[in-house]
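Modelling step: build the complete structure from the supplied sequences, incorporating the hints.
These are the residues of each chain, in order.
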Amino acid sequence: MPMRKSSMGEKQNSSYPSAEVRFKHFDADQVRTVSFGDDNPEKMTGEERTLYSKSDRQLNVSESDFKYETQLSRYVHEFVSMEEGVFRI
Amino acid sequence: MDSLGFASKENAVQEAAHLLEQLGIRSLSEPLIYALDAQTLQKEQDIYEKKIKENEWLTDMKNTGKIKLKEEWTVAGECYDIIFNVVMNGLPVTPTGYTMQQSGGVAVDGSRVEVIVSADGISYCSVYGLYEEVSKKTSPSPVLSLDEALDALSGNMSRS
Numbered sequence: 001m002p003m004r005k006s007s008m009g010e011k012q013n014s015s016y017p018s019a020e021v022r023f024k025h026f027d028a029d030q031v032r033t034v035s036f037g038d039d040n041p042e043k044m045t046g047e048e049r050t051l052y053s054k055s056d057r058q059l060n061v062s063e064s065d066f067k068y069e070t071q072l073s074r075y076v077h078e079f080v081s082m083e084e085g086v087f088r089i
Numbered sequence: 001m002d003s004l005g006f007a008s009k010e011n012a013v014q015e016a017a018h019l020l021e022q023l024g025i026r027s028l029s030e031p032l033i034y035a036l037d038a039q040t041l042q043k044e045q046d047i048y049e050k051k052i053k054e055n056e057w058l059t060d061m062k063n064t065g066k067i068k069l070k071e072e073w074t075v076a077g078e079c080y081d082i083i084f085n086v087v088m089n090g091l092p093v094t095p096t097g098y099t100m101q102q103s104g105g106v107a108v109d110g111s112r113v114e115v116i117v118s119a120d121g122i123s124y125c126s127v128y129g130l131y132e133e134v135s136k137k138t139s140p141s142p143v144l145s146l147d148e149a150l151d152a153l154s155g156n157m158s159r160s
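As you go down the protein sequences, you meet chains A and B in turn.
The opening position of the first sequence corresponds to residue 1 in my numbering, with each subsequent residue numbered one higher.
The opening position of the second sequence corresponds to residue 1 in my numbering, with each subsequent residue numbered one higher.
Simulated from the structure, these hints should not be mistaken for laboratory data.
Careful: at least some of the hints might be erroneous.
Unchecked claim - Mimicking DSBU-like on lysine-lysine, the simulated pairs with C-alpha atoms at most 35 Å apart in a straight line are:
no., chain 1, residue 1, chain 2, residue 2
1, B, 50, A, 54
2, A, 54, B, 136
3, B, 9, A, 43
4, A, 67, B, 68
5, B, 43, B, 9
6, B, 70, B, 50
7, B, 70, B, 136
8, B, 66, A, 24
9, A, 24, B, 50
10, A, 54, B, 43
11, B, 136, A, 24
12, A, 24, A, 43
13, A, 43, B, 70
14, B, 137, A, 67
15, B, 53, A, 67
16, B, 68, B, 43
17, A, 24, B, 68
18, B, 53, B, 70
19, B, 62, B, 51
20, B, 62, A, 67
21, B, 43, B, 70
22, B, 9, B, 70
23, B, 68, B, 53
24, B, 137, A, 54
As the list claims (entries may be wrong) - Covered, in the sense of this in silico footprint (three residues per stretch, anywhere, with C-beta under 8 Å from a C-beta of chain A), are these stretches of chain B:
no., stretch
25, 18–30
26, 118–124
Claimed, not checked - Ranges of calculated distance between the beta carbons of each label pair, as one might list FRET restraints:
no., chain 1, residue 1, chain 2, residue 2, range
27, B, 57, A, 30, 37 to 43 Å
28, B, 54, A, 40, 42 to 48 Å
29, A, 47, B, 135, 27 to 33 Å
30, A, 23, B, 71, 37 to 43 Å
31, B, 120, A, 81, 50 to 56 Å
Glycine residues also receive a C-beta, built at the ideal position from the N, C-alpha and C atoms.
See below:
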């Protein structure tokens, strides 16, 4: 773990662990199962994304991100947003 | 408001964390939790509705069904909006997007996880910009100390 001291002139241990990373991959089927359980949503497949929907619920999933939403969350997000890490209402 | 009637905020966070764990998402910070009660939601929607009425473009969006508002907010619509930031190697990953100028202007999106929990369970889950390790360096390169960075800066400034 790095140890840093704020006052200038003091010796600091400044090694950080380093790793090669990539975007976390998601398996569309697994996300669908977790989101919809035993329900069997309609599936639409595009080039990069897969869309699952059943009644008011929808899951939009790609290899590296996904969004599951319901009518309630659509109503909320009409005037509540989370942009750039900032919650706005 | 701290807690909503259908569940405590701790239980709501537990439900969100359980969902994320099922998806293999674990490296997250302590969450920010917003309890959205019916009264607040109604008040904020009323403000938004007023804004829509004053704006031609928003009015058109509402009339064509692109903006849909709830008729009335009741306790059934109350929910927790839970925001997790991402952590890697114990360091926070920015939720803010930025551009890497030194790599030809490559845009990098921020990392974020948002979950909404209501009385019906998980009502929303958005996961974006999470990373996973491909390999770890066995001999990590040291980061410059503050003194070394200041020396380098001072050297650069005196040369220019």
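To see whether the hints hold, each was checked on the structure:
1. B/50 / A/54: holds, 33 Å
2. A/54 / B/136: It is violated: about 41 Å lies between the C-alpha atoms, which goes past 35 Å.
3. B/9 / A/43: holds, 34 Å
4. A/67 / B/68: This hinted pair holds, its Cα atoms lying about 19 Å apart.
5. B/43 / B/9: Holds, at about 22 Å.
6. B/70 / B/50: holds, 14 Å
7. B/70 / B/136: violated, 49 Å
8. B/66 / A/24: holds, 32 Å
9. A/24 / B/50: This hinted pair is violated, its Cα atoms lying about 41 Å apart.
10. A/54 / B/43: holds, 30 Å
11. B/136 / A/24: Holds, at about 16 Å.
12. A/24 / A/43: Holds: residue 24 of chain A and residue 43 of chain A sit about 23 Å apart, inside 35 Å.
13. A/43 / B/70: holds, 27 Å
14. B/137 / A/67: holds, 33 Å
15. B/53 / A/67: Holds. Residue 53 of chain B to residue 67 of chain A sits at ~30 Å (cutoff 35 Å).
16. B/68 / B/43: Roughly 16 Å between the alpha carbons, so the hint for residue 68 of chain B and residue 43 of chain B holds.
17. A/24 / B/68: Cα-Cα ~33 Å, so holds.
18. B/53 / B/70: Holds, at roughly 16 Å.
19. B/62 / B/51: holds, 11 Å
20. B/62 / A/67: At roughly 23 Å apart (the allowed maximum being 35 Å), residue 67 of chain A and residue 62 of chain B satisfy the hint.
21. B/43 / B/70: Roughly 12 Å separates the two Cα atoms, so the pair holds.
22. B/9 / B/70: holds, 24 Å
23. B/68 / B/53: holds, 14 Å
24. B/137 / A/54: Violated - the C-alpha atoms of residue 54 of chain A and residue 137 of chain B are around 45 Å apart, more than 35 Å.
25. 18–30: Three-residue rule met by the stretch 18–30 of chain B, so holds; n is 5.
26. 118–124: holds (count 5)
27. B/57 / A/30: 37 to 43 Å: holds, 40 Å
28. B/54 / A/40: 42 to 48 Å: Since residue 54 of chain B and residue 40 of chain A have Cβ atoms about 44 Å apart, the given range 42 to 48 Å holds.
29. A/47 / B/135: 27 to 33 Å: Because 29 Å falls inside the window, the suggested range holds.
30. A/23 / B/71: 37 to 43 Å: With Cβ atoms ~40 Å apart, the hint holds.
31. B/120 / A/81: 50 to 56 Å: violated, 22 Å
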